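Protein chains: 2
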Amino acid sequence: MKLLQERIRQEGLILSDTVLKVDSFLNHQVDTQLALEIGKEFARIFGGKTITKVLTIEASGIQFAMAAAIALGVPFVYAKKKKAVTLAENVYSAPVHSFTRQETYQVSVSQKYLNPGDKVLIVDDFLATGAALVGLVDIVKESGAELMGVGCVIEKSFQEGRGLLEERGVEVHSLARIASMSPGEVHFVEDQPIIQKV
Amino acid sequence: MKLLQERIRQEGLILSDTVLKVDSFLNHQVDTQLALEIGKEFARIFGGKTITKVLTIEASGIQFAMAAAIALGVPFVYAKKKKAVTLAENVYSAPVHSFTRQETYQVSVSQKYLNPGDKVLIVDDFLATGAALVGLVDIVKESGAELMGVGCVIEKSFQEGRGLLEERGVEVHSLARIASMSPGEVHFVEDQPIIQKV
Chain A
8 MKLLQERIRQ EGLILSDTVL KVDSFLNHQV DTQLALEIGK EFARIFGGKT ITKVLTIEAS
68 GIQFAMAAAI ALGVPFVYAK KKKAVTLAEN VYSAPVHSFT RQETYQVSVS QKYLNPGDKV
128 LIVDDFLATG AALVGLVDIV KESGAELMGV GCVIEKSFQE GRGLLEERGV EVHSLARIAS
188 MSPGEVHFVE DQPIIQKV
Chain B
8 MKLLQERIRQ EGLILSDTVL KVDSFLNHQV DTQLALEIGK EFARIFGGKT ITKVLTIEAS
68 GIQFAMAAAI ALGVPFVYAK KKKAVTLAEN VYSAPVHSFT RQETYQVSVS QKYLNPGDKV
128 LIVDDFLATG AALVGLVDIV KESGAELMGV GCVIEKSFQE GRGLLEERGV EVHSLARIAS
188 MSPGEVHFVE DQPIIQKV
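Those protein sequence lines, which keep their order, are chains A and B.
Residues in the first sequence are numbered from 8 upward in steps of one, following our numbering.
Residues in the second sequence are numbered from 8 upward in steps of one, following our numbering.
Think of the hints as simulated: they come from the structure by calculation, not from any bench.
Heads up, some of the hints might be wrong.
Since the list can't tell identical chains apart, any single copy or any two copies may satisfy a pair.
[Claimed, not checked] Lysine-lysine pairs mimicking BS3-like chemistry, simulated, CA-CA at most 30 Å apart:
| # | residue 1 | residue 2 |
| --- | --- | --- |
| 1 | Lys88 | Lys119 |
| 2 | Lys89 | Lys9 |
| 3 | Lys89 | Lys56 |
| 4 | Lys28 | Lys126 |
| 5 | Lys88 | Lys126 |
| 6 | Lys28 | Lys89 |
| 7 | Lys9 | Lys148 |
| 8 | Lys88 | Lys9 |
| 9 | Lys148 | Lys56 |
| 10 | Lys28 | Lys88 |
| 11 | Lys119 | Lys47 |
| 12 | Lys119 | Lys9 |
| 13 | Lys28 | Lys56 |
| 14 | Lys28 | Lys9 |
| 15 | Lys119 | Lys28 |
Remember, it's a predicted structure, so these values are computed and weren't measured experimentally.
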């Protein structure tokens, strides 16, 4: 998605080879118009399939799940993060290890809001280690709903997340795939690798 | 907002005199169309004033801040909750005590995203004790931005939140004001108290 790549080039703050801050327009301050365009792009990519529900995880997935849900005309559900080791009843849940915070938390969704008849699109802001997204995929499987795919706004393609999802047979689309980055520079995976840039 | 009050009557789960669950349509599973209508209603109420930014707090304020921001055509910012006692630099922050969890956390907003020129509308899902909203009001004051008002989706009018905000000179509008509730029953504050219901 060119519009998104341009914004990342213009406003993204690359703090190291692995840390990209996009909090001026995606995940602290949110450019509402851009978020809506991101939602439309997810609907364009996945809308050929019937989707009944969008699933994400609090907090920074919410704006993109909502945008996709608006474009698809369906409700969305956001999974809750809890540190608690004791599980509430009547929830689907999965443990997720955060490498950033070096702690494991539980991700949970009420069993009322995912059903075997649902066709689910998972949406999140970042795909990096894939830990949170693998947790959501497991929750969808546990619910008996059908997983139609995973859509991410930004993918750090140099990390293992996409591989972990594809191993599980999941279709993954990201709107900006970062091949590599370093302070001041970001390189995207070319959408059309046949066209060589010199 | 009649549409919202009807949904609360139909789908809200009243667990006690003070606990109302609306997670089937507002804050776990989200009815996207209703959220957009809520945003339009906030824009109708506050749109006579110039607003440059909507502010909320993660996580369940995000969908309503986004809806209001869409209707107003402005960006929104969501404050982050952190348990950390050490403050990051370059943030406005305020301590908030959660009565539900019996713990105090820090709410913070990057100084980059609130400026003296901003005219801010604060939006949140619930107004009850007012603790989180008072924290956001303090942050707006600290930033030098102008506070145009606070919009809440559901207000528990029998709790002290509205009073605390009004003491600070803040204009508060809630779309569903609950006067009292008990399992199976919810009573709203009448919008037009002149018309007596027998």
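Going through the hints against the structure:
1. Lys88 x Lys119: both (17 Å within a copy, 27 Å between copies)
2. Lys89 x Lys9: neither (36 Å within a copy, 34 Å between copies)
3. Lys89 x Lys56: neither (32 Å within a copy, 39 Å between copies)
4. Lys28 x Lys126: Classified as between; 25 Å across copies, 32 Å inside a copy.
5. Lys88 x Lys126: within (23 Å within a copy, 32 Å between copies)
6. Lys28 x Lys89: both (24 Å within a copy, 18 Å between copies)
7. Lys9 x Lys148: Result: close neither inside a copy nor across copies, 33 Å intra and 38 Å inter.
8. Lys88 x Lys9: neither (32 Å within a copy, 32 Å between copies)
9. Lys148 x Lys56: within (18 Å within a copy, 48 Å between copies)
10. Lys28 x Lys88: Intra 22 Å, inter 18 Å, cutoff 30 Å: intra and inter.
11. Lys119 x Lys47: both (27 Å within a copy, 28 Å between copies)
12. Lys119 x Lys9: between (38 Å within a copy, 26 Å between copies)
13. Lys28 x Lys56: neither (33 Å within a copy, 32 Å between copies)
14. Lys28 x Lys9: within (18 Å within a copy, 41 Å between copies)
15. Lys119 x Lys28: between (35 Å within a copy, 13 Å between copies)
Consistency with the previously given hints fails for numbers 2, 3, 7, 8, 13, ordered from lowest to highest.
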